[in-house]
Every structure is written in C-alpha cells, then in structure tokens.
Amino acid sequence: MTRSARTACWAGVASAAAVLSLRPLVVSSGWLVGALGVVLAVTGTGLLVRALLHRRGVAVVLQVLVLVLALVVLFGGATTVLGVLPTAATATRFAQLFGDGVQVVQRYSVPAADLRGLRLLLVGGAGLLALAVDVLAVTLRRPALAGVPLAAPLAVALCLVPGGSSALALVATAVPYLVLLATGRPDPRWPAPARRRRPAAQPARRRTGDRTGATAGALAAGSLALALAVPAAVPGLDERPLTLDTGTGDTIAVINPILNLKASLGARSDTTILTYTTDQEDPAPLRIVTADVFDGETWAPGTGADIARSQRVQDGLSEPPGLSPEVRAQAVEHRTSISVRGLDQTYLPLPYPAVRVEIAGEWLYEEGTLNVVGDGETTRGRDYVVQHLEVDPTENQLRGAGQAPEDVRERYTALPDSLPQTVRDAALEVTAESSDDYERAAALQRYFRSTGGFTYSTTAPNDGGSDAVAAFLRDKSGFCVQFASAMAVMARSLDIPARVAIGFLPGEESTTGSWRISAQDAHAWPELYFEGVGWVRFEPTPATRTGQSPAYSVPSVQAAAPATGAAVPSASAPAAAAPSATTSTATAGAAAQAATGPLTGWQRVAALPWGWIVGALLALLALLAPWTSATLLTRRRWTGAHDGPSSAEAAWADLEDRVGDLGVHWPPSATPRSCAALVETAAELPAGAREQLTALRRAVEGARFGHRAAAPAGAPDGAAGGDAVRPGSTALLQRPAAAGTRGRRVVRAQVDEVVEALAARRPLLVRWRARWFPGAGVRAVLAWWERD
0 MTRSARTACW
10 AGVASAAAVL
20 SLRPLVVSSG
30 WLVGALGVVL
40 AVTGTGLLVR
50 ALLHRRGVAV
60 VLQVLVLVLA
70 LVVLFGGATT
80 VLGVLPTAAT
90 ATRFAQLFGD
100 GVQVVQRYSV
110 PAADLRGLRL
120 LLVGGAGLLA
130 LAVDVLAVTL
140 RRPALAGVPL
150 AAPLAVALCL
160 VPGGSSALAL
170 VATAVPYLVL
180 LATGRPDPRW
190 PAPARRRRPA
200 AQPARRRTGD
210 RTGATAGALA
220 AGSLALALAV
230 PAAVPGLDER
240 PLTLDTGTGD
250 TIAVINPILN
260 LKASLGARSD
270 TTILTYTTDQ
280 EDPAPLRIVT
290 ADVFDGETWA
300 PGTGADIARS
310 QRVQDGLSEP
320 PGLSPEVRAQ
330 AVEHRTSISV
340 RGLDQTYLPL
350 PYPAVRVEIA
360 GEWLYEEGTL
370 NVVGDGETTR
380 GRDYVVQHLE
390 VDPTENQLRG
400 AGQAPEDVRE
410 RYTALPDSLP
420 QTVRDAALEV
430 TAESSDDYER
440 AAALQRYFRS
450 TGGFTYSTTA
460 PNDGGSDAVA
470 AFLRDKSGFC
480 VQFASAMAVM
490 ARSLDIPARV
500 AIGFLPGEES
510 TTGSWRISAQ
520 DAHAWPELYF
530 EGVGWVRFEP
540 TPATRTGQSP
550 AYSVPSVQAA
560 APATGAAVPS
570 ASAPAAAAPS
580 ATTSTATAGA
590 AAQAATGPLT
600 GWQRVAALPW
610 GWIVGALLAL
620 LALLAPWTSA
630 TLLTRRRWTG
640 AHDGPSSAEA
650 AWADLEDRVG
660 DLGVHWPPSA
670 TPRSCAALVE
680 TAAELPAGAR
690 EQLTALRRAV
700 EGARFGHRAA
710 APAGAPDGAA
720 GGDAVRPGST
730 ALLQRPAAAG
740 TRGRRVVRAQ
750 VDEVVEALAA
760 RRPLLVRWRA
770 RWFPGAGVRA
780 VLAWWERD
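Going by numbering that gives the first Met the number 0, the letters in the sequence shown line up with residues 0 to 787, in that order.
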C-alpha cells in the first residue's frame with residue numbers, strides 16, 4: 000500500500016471517530032449508520048479513484064458526487080426517480096429538511112430527538128467532514144491542517160453535552176490524527192523551513208533524528224494527556240430551560256421535549272403563543288409530547304424507526320391505548336379550534352386523547368402515544384381543528400383496573416440501575432396504607448401537593464447528577480418538571496406504568512369559550528396507566544401553580560397520610576453513578592419500537608441494534624483475521640509454485656512462517672544452513688523430521704545457488720541433489736514435475752512433518768496460538784501496508 004493510501008485510511012478513521020463524538024447530542028443512534036456509511040463512501044471513493052486513475056483532482060470531484068448521491072438515496076424519499084435520481088422536488092425537500100434541522104439545532108437542548116431534519120445535518124456534516132479531512136491530508140498533502148475540521152465535532156460536543164464530551168471521544172479522534180501526522184507526506188511544492196547545511200565531511204548523526212522523533216512523540220502524548228486533564232477543572236455549561244424565547248422581534252417559543260431535572264425554568268415571556276376556542280367547559284391541558292425514556296437525569300421521548308406514512312391525523316387517530324369500549328362509550332366528544340402564533344416546533348399541541356385533526360400538511364401520529372409529529376412540518380402559523388374525548392373515569396373503574404399488558408409494563412416501568420434506593424423506599428413508605436394501584440397513585444399525588452411539605456419554585460436546585468430525584472425529595476422545592484418526574488419515577492418503582500407529558504396548562508380564558516396560552520403556561524405532568532381506562536393524568540405540582548387536581552384523582556375515602564419526615568431520603572444518601580449509555584440507548588430503542596407499531600421493510604432493518612451488530616461483526620473479523628490471512632497467504636504462495644525451484648522457495652517460506660509462530664525466528668540475512676541449525680537447536684527433532692529438514696534445506700540451497708551448492712560439505716558432486724537423504728525427496732523438488740499437484744503435496748507433507756515435530760516439543764499455549772492465531776498473514780499485511 001502506498002503512503003498516500005495509508006494516509007487516506009487514517010483520515011477516514013479519524014473522521015469516523017470525530018463523528019462518533021456527536022453521539023450524545025441525539026437521543027437515538029440510528030443516524031450513526033448513515034453517517035458512518037457516508038464517511039466510508041467518501042473515503043473509499045478517494046482510495047479507489049487515486050489507485051486506478053492517479054488523479055487527485057478527479058478523485059475530489061467523484062467524492063463530491065458520491066456524497067451527493069448518498070444523501071439523495073438516504074433523504075430523497077419519494078421525490079427521487081428509482082430512489083437514486085433527484086428531481087426538482089428533491090431540492091425543495093432538502094431545503095425543507097435543512098430548515099427543520101437548523102430549527103432543532105437552534106431551539107432544542109441535547110439530547111435532541113432524532114428527527115429527519117437533524118439527521119440530514121448530521122449525516123451531511125459527516126460526509127463533508129470526511130471530504131475536508133481527505134482533501135487536506137491526501138490531496139493537498141497538508142495533514143496538519145486536517146486537525147481543524149476534526150476539532151469541530153469535538154468542540155460541538157464539548158460545548159453542548161452536559162458535563163462535556165467524554166475523554167474516550169477525544170482519544171479516539173486524537174490517536175488516528177497523530178498517526179495521520181506521522182504517516183502523511185508533505186507536498187514538496189509547499190515551502191519548507193530552511194535547514195542548515197551539514198559539511199560534506201561531517202557524517203550524519205542518526206541519534207539526532209531519533210532524539211527529535213522521541214521529543215515529538217513525548218510532546219504529542221503530553222498534549223493529549225493535558226487535553227484530558229484540563230476539561231475536568233472547567234465547569235460545565237448551563238442547561239437549557241423547558242421553554243426558549245428566540246429572536247429579538249416576535250417572540251417564538253419552543254417546548255423542549257427533553258426534560259432535564261437540573262434545568263431552571265428561568266424567566267419566560269407572557270406573550271401569547273397560541274389561542275383556542277372549545278366547547279369544553281373545563282379544558283384539560285394541551286399535550287405536545289410524552290417522554291417515557293428515563294436515564295436518571297433526563298426524560299426523553301422514545302424515538303427510533305420512522306412512523307408509517309399511512310398514520311395521517313386527517314384520516315383519524317387510532318383508539319387510545321388501554322381505553323375499553325365501556326369507558327369509551329361514557330366519554331364526551333368535544334371540538335377545539337387552535338390557532339398557533341409564536342410556537343415553532345414539530346410536535347402538535349392537542350388535547351388528549353385526540354380522535355381526528357383537521358390540518359394542512361403532513362402530520363403523522365404514533366399509535367402507542369398518540370403524539371403527533373410533522374413530516375417536514377412545524378406548528379408556527381398553523382390553524383387547525385381537533386376532535387377529542389373528555390374521559391372522566393369513575394373511582395370504581397380506576398380501582399378495578401386489571402394488570403397492564405406485559406409490553407406496557409416492561410416499557411413504562413423501566414428504571415435505571417443507578418436510581419438511589421432511597422427513592423424506592425420513599426415510594427413504599429408514602430403508599431404503605433394503600434391497597435391498590437389507584438390508591439397508591441392518589442397517595443403519591445397527595446404527598447407532593449399537600450402532606451409532604453413541598454413548595455413550588457422556578458429555581459432549580461443546585462444539586463445535580465443522576466440522583467436528582469433523591470435530591471428533590473430531600474430539598475422539597477422545585478418546579479413542575481421535578482414534581483412530574485418524581486411522581487412518575489416513584490410510580491414506576493411501585494410497578495405502575497408511568498410517563499411524563501409535556502405541554503401547556505389550559506391558560507387564561509379571555510372570553511367565553513376562548514383561551515390564550517403564553518410561554519409561562521408551559522407545564523409537565525405525569526400520566527399513569529390503568530387497564531380499561533388508558534393513560535390518566537395526575538397533578539402532583541402544588542395548587543399554587545396548577546389549581547385543582549382532576550376530580551377522579553382524589554379518592555372518596557383517603558388512606559391515612561404517612562408522616563412527612565419519614566418518606567424523605569436522608570441527606571447522606573449516596574449519589575448513584577450515572578447510568579450507562581448502553582442502558583439508555585437500549586431503553587430508547589425498545590420504546591421506539593413499541594411506539595411506532597408494526598414495522599415493515601426498511602423500517603425493520605433500520606430499527607435493528609446496529610451498534611451491537613457492527614461491533615460483534617468487527618470482533619468476529621478481528622478473531623478470524625490471523626487464521627484467514629495466514630491461510631490465504633499459504634494458498635497464494637503454493638499456487639505460484641510452478642517448477643522445482645519455486646516449490647523449494649515456497650516450502651522454505653512456509654517453514655519459516657510456521658516455525659516462527661512456534662517461537663523459532665531467524666534474521667533475513669541467515670543462510671538456509673544456519674536456519675536449519677536454529678530449528679534443530681530449538682528442539683530435539685526425531686530422525687525422520689531431521690531428514691525432511693535437511694531435504695528442504697538442500698532443496699532451497701539448490702534453487703538459490705545451484706545443485707553443487709546444495710551438497711553438504713565433503714559430499715561428492717553426485718550428492719548435490721540430496722537423493723541420499725530420502726529417495727524422491729530433494730530430487731522431487733528439483734524436477735519440473737514438482738509443479739504438479741502431487742509434487743506440491745509431497746513437499747508440503749515434508750514441511751508439515753518438521754513443524755509437527757517441533758510443535759510437539761513446545762508448550763501447549765504456544766501450540767494453540769500458532770494453530771488458531773498464526774502471525775504470518777498479519778505480518779504480510781503489515782509489510783504490504785508499509786511498502787511504498
């Protein structure tokens with residue numbers, strides 16, 4: 000492999016590592032498949048074109064075309080011809096997706112939902128990153144400048160990810176970049192620093208160069224260590240609030256679907272962001288989205304596979320999950336007209352549960368949650384009408400609810416292993432006097448609203464970390480996000496399916512039947528599942544913020560309230576370790592699959608755990624690489640043995656590789672006679688093996704130096720062929736017939752006899768490693784890699 004090809008490979012590895020550093024910015028990992036695929040396509044195109052055409056400029060042009068083609072295939076959708084050829088509508092779709100992605104970047108905090116617009120930015124950015132690094136390191140031969148685009152993803156992750164980017168991400172990007180610097184070749188057309196000429200009589204001093212290389216390596220290692228140590232002393236950036244005011248003109252509010260328990264609500268504008276009229280006398284909150292994936296610090300919507308395009312809200316939504324026909328028949332249907340002014344996002348605010356929505360554009364619903372999301376659409380400036388149900392269950396219906404289905408319980412009772420035990424203990428003590436799930440839910444709500452001594456505050460506590468719920472239960476002060484999260488977590492610890500809903504309080508009634516909502520009405524509340532009734536809203540946030548709780552959430556006969564101090568986690572409760580990314584990702588993937596209903600075709604493929612699959616395949620390839628490469632090398636070597644001398648050389652090379660795996664090595668300058676002596680010295684071989692080794696040695700000497708040179712010292716000329724050793728052994732190597740299958744089989748049997756005799760006298764671990772992990776193929780690959 001040429002140096003240019005090696006540089007391109009390391010450039011691709013560095014680009015892929017930099018892309019992986021952006022993983023914490025998004026809830027799911029589905030976008031990584033496309034992003035890494037684009038990096039591979041761009042890098043592979045450059046390698047192939049430069050190897051075939053030897054034209055660096057042509058390679059760049061084709062790399063750009065491949066990048067564009069990949070994006071069209073991934074995001075063109077129905078606007079393309081045969082899924083590959085773009086049309087005029089493709090440009091419009093890309094512009095729309097780009098705008099949606101920019102809005103997500105500007106207005107959502109991390110980790111953001113994996114929406115199409117954001118996915119286009121990430122995948123396209125990964126392709127541009129790979130192209131920029133390849134052009135700088137290979138085309139322009141300035142590998143040092145490739146660090147500029149590589150640093151961009153690391154800087155983004157460092158600034159936006161709570162707690163900063165991980166040290167592993169930095170090391171994974173820095174190591175291939177340092178190798179890129181070492182292997183890259185500068186363009187001779189660029190000016191080089193002037194060097195002091197050495198007098199002709201003065202010999203060159205290799206130790207100076209060695210000292211310079213050692214200094215450079217030490218400087219690189221020290222810089223990397225410093226880069227890992229310094230961020231630990233730098234405080235993290237503040238989290239974004241539940242609502243954001245963007246722009247300097249008209250107020251545009253955005254509801255962040257990712258709830259961070261450490262974020263402060265801060266000051267919010269009272270500017271009207273939407274109005275609605277309804278025939279419902281006492282309107283319920285408008286729900287935007289539900290968050291069901293909890294990692295110990297944040298709640299996020301379950302995302303993953305795309306929603307089927309057949310699930311259009313204009314055609315009617317599916318029946319609310321868990322709602323029985325009896326309770327459905329008692330529900331009252333209402334009609335609400337909503338006009339959005341200053342709310343700009345992809346989720347649609349609706350009363351729950353909605354039955355049908357009359358709205359222009361492509362709006363799709365999730366069957367498991369009835370969340371409505373725009374397919375390239377946003378809510379800003381939208382007017383729409385929604386038909387929805389007012390479900391008012393009775394206390395008997397809630398008390399008599401059966402056990403939730405297995406898939407619902409598995410998804411909505413999941414909790415991170417890092418959840419402090421004090422939270423579970425508090426839930427048990429608060430509900431100690433309760434006899435069923437309804438009483439337990441009501442007891443939790445009553446505990447937060449009245450008996451627990453909690454107060455509502457828009458200032459988030461300073462305590463953070465994965466024990467945020469325990470800190471809230473200890474401090475007894477917080478805002479709606481913390482009240483809703485704490486009740487949902489405690490309900491889950493009691494095996495009651497729960498999730499957190501995000502939306503708006505009903506707002507302020509301006510005239511009869513007309514209401515206005517501002518950003519100050521942004522709210523979060525828990526929803527608990529009761530079989531036969533479905534998802535039921537509870538209101539743990541104190542009445543100073545929310546008014547009265549739903550009538551059905553207050554039992555007619557209440558259980559005795561526990562002592563307020565007994566259910567509070569102690570201040571000395573140990574902080575739990577942060578949940579692993581693996582647990583959070585796996586939960587998100589399961590949630591996404593349940594939320595989007597049956598998957599078909601490409602959706603099933605995209606929903607697979609590609610991270611684990613690719614990792615397992617890579618691990619399997621790494622285990623098989625030594626044996627496979629050694630087998631291919633041996634087969635290629637013997638295939639090229641077309642006559643006696645070439646068979647002798649193939650046999651000797653095969654012997655060298657195999658005894659080398661058994662620990663017997665010789666320098667390249669060693670003669671066949673001295674090499675054979677090394678093998679005999681390493682172990683006491685039986686007579687038959689010694690004869691075969693002598694035959695092989697004489698054969699390779701004859702192939703290299705002529706038949707006379709192959710004769711042992713003091714032997715007559717007629718012995719040069721080596722027939723005296725064993726009839727047909729060396730003579731077979733020296734005849735043209737040795738090129739045949741029979742001749743190669745006999746010679747390989749000679750090699751096998753020598754190797755097996757030597758292996759029998761080596762330790763078991765050495766024999767096992769030589770058999771399953773031979774190093775000959777790997778050494779050949781490394782030699783090819785280093786060859787210019």
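Among the hints, erroneous ones may be present.
What the hints assert, rightly or not - Computed Cβ-Cβ distance ranges for the label pairs, DEER-style:
| # | residue 1 | residue 2 | range |
| --- | --- | --- | --- |
| 1 | Glu428 | Gln313 | 45 to 51 angstroms |
| 2 | Phe97 | Arg55 | 27 to 33 angstroms |
| 3 | Gly452 | Pro549 | 57 to 63 angstroms |
These are computed hints drawn from the structure, not numbers from a lab.
Virtual Cβ for every residue (Gly too), placed ideally from N, Cα, C.
So, going through the hints one by one against the coordinates:
1. For Glu428 paired with Gln313, a C-beta distance near 49 angstroms keeps the hint of 45 to 51 angstroms intact.
2. At roughly 30 angstroms, the beta-carbon separation of Phe97 and Arg55 lies within the given 27 to 33 angstroms, and the hint holds.
3. Evaluation of the 57 to 63 angstroms hint for Gly452 and Pro549 yields a failure: the beta carbon distance comes to about 23 angstroms.
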